[in-house]
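J.: Chain residues, written in single-letter form:
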Amino acid sequence: MSGCQMNDTVTLVGLDFGTTTSSAAIASAKLACNSVTRRMELRNVEPRYQSEQVFTPFRGDLLDEARLAGYLDQWLKDIRPDEVFGGGAMITGLAAQAPNAADFASHVRRHLKDGVIASAADPCMESWLAFMGNCWELSRANPDRAFVNFDIGGGTTNVALGCNGEVLRTGCYFVGARHVQFESGSYRITGLSSYARPLLDHLGIHKSIDDYLTEYEVHAIIDWYLALLESLVTGSGAAEVDSVTALHRQVPFDGGPGFVDIAVTLSGGVGQLAYRGLQSDTWPGITAYGDLGIDMARRLVQRPFWREHLIQWVPTGLGRATLFGLLRHNTQVSGSTLHLSDTRRLPLSDLVILGSVSPATPPAEVERLVALAGRTAQGACLRIDLAQCDRASIRGLAEQLRQSIAKQTAIEHIPLVLLVGENLGKVLGQWVTEWGRSPAKIVVIDEIDARDAQFACVGRLHQGVLPVSFYGMNVSGASS
Amino acid sequence: VTELLALGDIKVPDPKPDRVYSGDFFGEAVSFHSLKRLLGAADFSKAGDRNAGLAAPSEKLREAARTLLSSLTLRHIYDNPLTDDAGKVDSVMRVNYAIDLARFETIADSTLGEFKDWLLICRPDEAQQVAKALTGVMAAAVAKLCDVHELILIAKKIKRTTQARTTLGLPGTLSSRLQPNHPTDDPRGIALLVYWGLSLGTGDALIGLNPAIDTVDNVSALLAHLDQIRGQTGAPTQICVLSHIKTQLACLERGAPVEVMFQSLAGTESTLTSEFDVSVDLLDRAYRTMAAQGPLKDVARQFMYFETGQGSEFTYGKHNGIDMTTAEALCYGLARRYDPYMVNNVTGFIGPETHADNFEMIVANLQDHFMGKLLGLPMGMAPCYTLHSGITLDGQQIATQLLTAAGANYYMDVCLNTDRMLAYFDTSGHDDQTLREVHGLRPAPEFLKWAVERGIFRQDDDASMRRGPYWGNVRQFCNSDLELELLLKATPAAYGFDTAGPRPANAVSRQTRLHQAIGREAIESELDLALCETVAKFRMIQTEASDKQSHLNSPSAGARVARECAEQLEKENTQVQVLVSDGLSAAAIHHNLPDVLPTLLDGLGSHGISVGQPLLARYGRVKLAEHVAELLGTDLVIHLIGERPGGDAFASQSMSAYLVYRLSDPATQKAAAQFSGNAEIRFEYTVISNIYSRGLPPLEAGAVIVEKAVEIIAVKAAGNRLTMLQSSQRSH
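Protein chains in written order, with the numbering used here: chain A, 23 to 502; chain B, 27 to 758.
Accuracy of the hints is not assured; some may be wrong.
Said to hold, decoys possible - Not close to chain B: a few residues of chain A, all C-beta gaps over 12 Å, as computed: (1) P79; (2) G92; (3) W158; (4) D223; (5) E252; (6) D303; (7) G307; (8) R320; (9) H361; (10) T383; (11) P385; (12) E456; (13) G458; (14) R459.
Said to hold, decoys possible - Listed next, the in silico DSS-like pairs over lysine-lysine satisfying Cα-Cα at most 25 Å (straight line): (15) B:K734 to A:K463; (16) B:K475 to B:K597; (17) B:K142 to B:K114; (18) B:K185 to B:K515; (19) A:K52 to B:K515.
Think of the hints as simulated: they come from the structure by calculation, not from any bench. Ideal placement from N, C-alpha and C gives every residue a C-beta, glycine not left out.
Using the sequences and the accompanying hints, generate a full structural model.
T.: As structure tokens, this is what we get:
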């Protein structure tokens with residue numbers, strides 16, 4: 023009855039639209055209860071489909087939505103949207119900077135019938151996912167060591183520092199292979215991003231479209247990139263940040279003090295090339311992909327700082343991170359005794375997380391947050407902290423919530439989702455709704471770790487449990 | 027492959043009217059009014075036989091019975107088959123008569139006393155050959171005449187060797203069945219327990235898992251999982267998932283690796299068919315199917331595995347007046363028909379109603395081992411206990427030392443003695459290795475070779491076997507420290523890998539024993555009425571169990587309201603009645619009631635459900651709810667009751683809520699009867715278990731129980747029928 027006998031198979035989808043390439047993966051996972059923690063969890067995530075990587079299609083600065091939609095149809099043709107239990111879609115790097123990235127994210131969400139998150143321009147989330155997808159296992163296996171994962175893609179490098187499988191700090195830089203684009207097989211410039219042009223000026227390289235870069239100039243660009251990334255780990259960066267460096271900083275990363283014993287891993291397209299090259303000692307021809315990727319990867323392997331780490335710390339997936347992260351780590355599973363006023367409203371997407379309340383929260387603050395929820399368009403979440411609380415205090419908070427909700431007529435029509443870490447969803451929901459007599463449409467999801475995120479997506483009910491994903495991560499350490 | 031004799035072709039003498047066996051013993055005339063009575067009185071006194079009224083009330087009467095029994099010939103036993111309650115020879119008894127009649131004739135006129143003496147002086151090969159000349163009742167009768175030394179001495183003469191991938195029962199060997207049971211069949215936990223056992227050098231007889239969920243899908247998946255582990259480790263052994271024989275046959279049909287076919291047996295047909303859902307015909311079919319289609323048919327000489335244990339016939343009230351030892355011997359007579367690869371005896375598993383203390387458990391195990399060997403079976407032993415009996419780990423260890431002296435083929439390896447799924451205690455891999463070292467024994471030769479190659483054991487120049495450098499090293503089977511950590515996180519009651527010699531390190535043993543001690547304390551704890559009164563205003567009721575001991579020793583007493591108390595209860599006809607009783611852990615009630623009950627009463631009241639004043643009962647069992655429901659005329663009794671503690675101290679605080687729905691109106695009863703196939707069904711059950719702080723928290727449980735109660739009342743169904751009706755409603 024506590025749900026611990028459940029052992030059902032669910033479908034997960036991961037979609038990654040990056041600066042250079044896009045791809046998809048579909049996996050099966052078992053929904054089961056951990057007999058020690060008694061929590062529901064997804065286990066045995068087994069990929070059952072992995073698409074070819076395709077170049078992310080652009081029309082000028084815009085994502086080519088029609089072609090992307092075609093890819094989506096092709097990748098997902100063998101599954102029904104309503105069978106998707108979890109996973110997610112990420113639009114990353116320069117693709118996320120496209121003016122229509124948010125529109126395309128909405129398209130993906132609609133395609134999957136709001137079952138999973140689809141997020142664009144969420145750099146801390148990307149960093150978190152890359153860390154979890156690439157080096158979670160290494161980090162857990164070496165719990166006393168801090169790991170820094172650099173997810174080097176076409177447009178951005180997402181940085182995350184974590185210990186024992188937990189991400190502690192994140193950052194994001196406009197460092198990537200595709201800021202300078204070439205004619206394949208040569209260094210003839212075919213494109214420069216808005217970040218590359220000032221960098222070339224800064225380096226005294228006065229070249230433009232159709233000009234040829236020398237090998238020396240290519241190395242100068244790459245070395246500048248890599249020195250910037252190295253400084254994030256070594257702390258050797260100048261105290262005063264120059265304007266070009268500042269321009270490349272989307273979310274500053276602060277490695278901070280206290281982590282002497284640091285291991286570095288790579289992921290993303292450039293990271294994968296580096297691991298592959300290191301293992302096989304064979305490389306594609308220069309600019310074979312029309313960008314700096316191959317040269318960056320070769321340079322990474324040559325520079326002693328990176329080489330030492332790349333040899334010593336090899337992630338299982340050899341740098342394939344975002345899809346792994348989306349499939350394996352992005353979806354949490356609720357407990358099996360949650361409270362649902364109305365299952366017909368599921369799934370719920372883009373729920374803003376307004377804040378946290380506990381029995382110690384002043385009634386006026388509870389009321390303010392509930393009122394705020396009543397003014398949202400799609401619904402909202404509140405984190406509920408009930409750790410170490412006794413019956414009377416939980417009852418008191420439930421009553422406070424009930425009264426606050428009763429004052430908000432709008433909330434009858436707007437879903438209010440209460441996210442609870444403890445296994446107390448059913449009782450809290452019953453108390454808040456006076457055992458179902460209140461018309462308020464609340465959902466109480468328990469046994470969920472409500473990460474430091476800004477938004478949540480609640481999926482479809484499956485065998486009494488709900489998948490929950492978060493995005494808009496605030497995990498950026500000093501800069502959050 | 028053994029040719030199975032058709033039941034109708036087995037010659038059995040016609041049953042005869044009961045006769046009186048009497049004699050004069052130092053001036054006192056003593057009579058026993060049937061062979062069953064004589065056999066019962068001749069045995070050591072054990073709780074099950076006492077509760078059945080079969081045990082001799084005094085040592086003098088027991089010895090009188092033994093003296094009379096000694097004077098009966100084997101032919102007399104043969105000529106007087108024991109019958110069922112209808113006076114018929116049942117199919118189990120009939121199978122027992124499939125003996126070598128020519129050989130029987132050579133011993134038939136010996137008295138049982140003379141036969142016992144002959145067994146003590148005969149050569150081992152002669153003792154071995156007599157197996158096919160004996161019925162189960164004959165073996166039981168001799169066992170009752172033997173003292174402890176004789177039970178050991180005679181059994182030690184007889185070795186029974188069987189062979190699948192490994193060879194069991196060779197002289198100088200002691201094997202083990204690795205039992206990696208997990209409460210939720212979590213593959214990670216199962217893998218860890220298998221790795222742990224293999225690292226201790228156990229599992230050469232079998233890796234055999236009792237599944238938490240007995241479905242074809244789940245059992246097939248578990249078989250595939252075990253098969254994969256076996257292949258990956260290279261351990262030369264065989265695998266089995268101990269589900270019902272019908273499930274295993276279905277799995278085999280699907281192509282699952284059912285390498286060894288398992289079934290529990292009983293010594294009376296009524297127990298076998300109505301409780302275990304097995305018949306001789308079905309067993310025959312399973313045997314023939316395995317012979318024709320089993321994955322080891324070209325490798326193994328034997329492929330059947332049976333489990334038995336004294337007392338199941340008594341517990342189910344289907345013993346036909348036959349004592350526990352004799353019924354057990356009849357199981358062996360049935361098992362013998364299928365030339366099994368292994369037979370496992372689990373006497374002690376049931377509880378104090380059959381075996382109250384260490385002595386009863388130890389002597390019963392020695393008897394069982396003796397009888398099995400005498401009947402030619404490859405006997406493995408699992409002297410075991412539950413915490414609500416008086417049997418202890420030390421008693422279990424004494425039993426294993428004696429049984430090893432008697433030449434048992436194998437023991438179980440239940441990690442750290444604690445079965446995580448069945449909440450009982452059995453021998454461990456550490457125990458198995460300890461016994462090997464004390465008695466100079468080694469595993470099966472095929473397995474030993476593998477274990478030496480892996481460094482689990484090492485063989486010295488003098489061919490003696492010792493623990494090797496990798497003995498007890500679980501990590502050797504994992505790809506990484508992280509993998510081991512993740513497996514460990516899915517495994518309850520894993521208190522540490524450290525060892526001291528063949529034993530768990532002291533710190534590990536202390537943890538194991540402390541957890542057991544706390545569980546036992548919870549069973550012995552008395553319900554704190556004052557504490558309960560602070561939670562709600564209760565009405566007290568008495569059960570027919572007058573004290574703790576009668577409660578533990580007689581499950582039926584706790585299932586009835588005492589007569590004088592019942593007379594005071596009148597029909598109230600409420601929709602719900604809440605009943606609270608200690609069950610097997612008053613501590614569970616103390617721990618959970620303050621949070622569960624107020625929430626429960628609040629929720630029921632809020633739904634407008636009529637609820638009677640809560641009842642509180644000391645010494646209650648689950649079925650007390652049925653009697654209460656009938657007395658009060660209540661539709662639904664919500665029975666909050668303490669669960670039987672296992673090996674986890676925290677779980678001794680675990681409570682269950684039994685929602686017992688009375689099928690009072692004829693239409694509902696008819697629907698329930700149709701659904702269940704039981705025309706007499708009167709109640710349906712929904713159970714919400716594992717209520718405690720580390721399981722389903724009591725506050726949350728209160729709300730869950732309310733929700734379920736509302737559903738039961740609305741749908742007029744509970745249990746599987748409720749689930750089915752709700753599912754059908756949803757699909758419409």
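J.: All hints, please: hold or fail.
T.: How the hints compare with the structure:
no.	hint	result
1	P79	holds (39 Å)
2	G92	holds (36 Å)
3	W158	violated (9 Å)
4	D223	holds (47 Å)
5	E252	holds (28 Å)
6	D303	holds (26 Å)
7	G307	holds (37 Å)
8	R320	holds (30 Å)
9	H361	violated (8 Å)
10	T383	holds (19 Å)
11	P385	holds (22 Å)
12	E456	violated (7 Å)
13	G458	violated (8 Å)
14	R459	violated (7 Å)
15	B:K734 to A:K463	holds (21 Å)
16	B:K475 to B:K597	violated (71 Å)
17	B:K142 to B:K114	violated (29 Å)
18	B:K185 to B:K515	violated (42 Å)
19	A:K52 to B:K515	holds (17 Å)
Checked against the numbered hints above, the structure violates hints 3, 9, 12, 13, 14, 16, 17 and 18; every other hint is satisfied.
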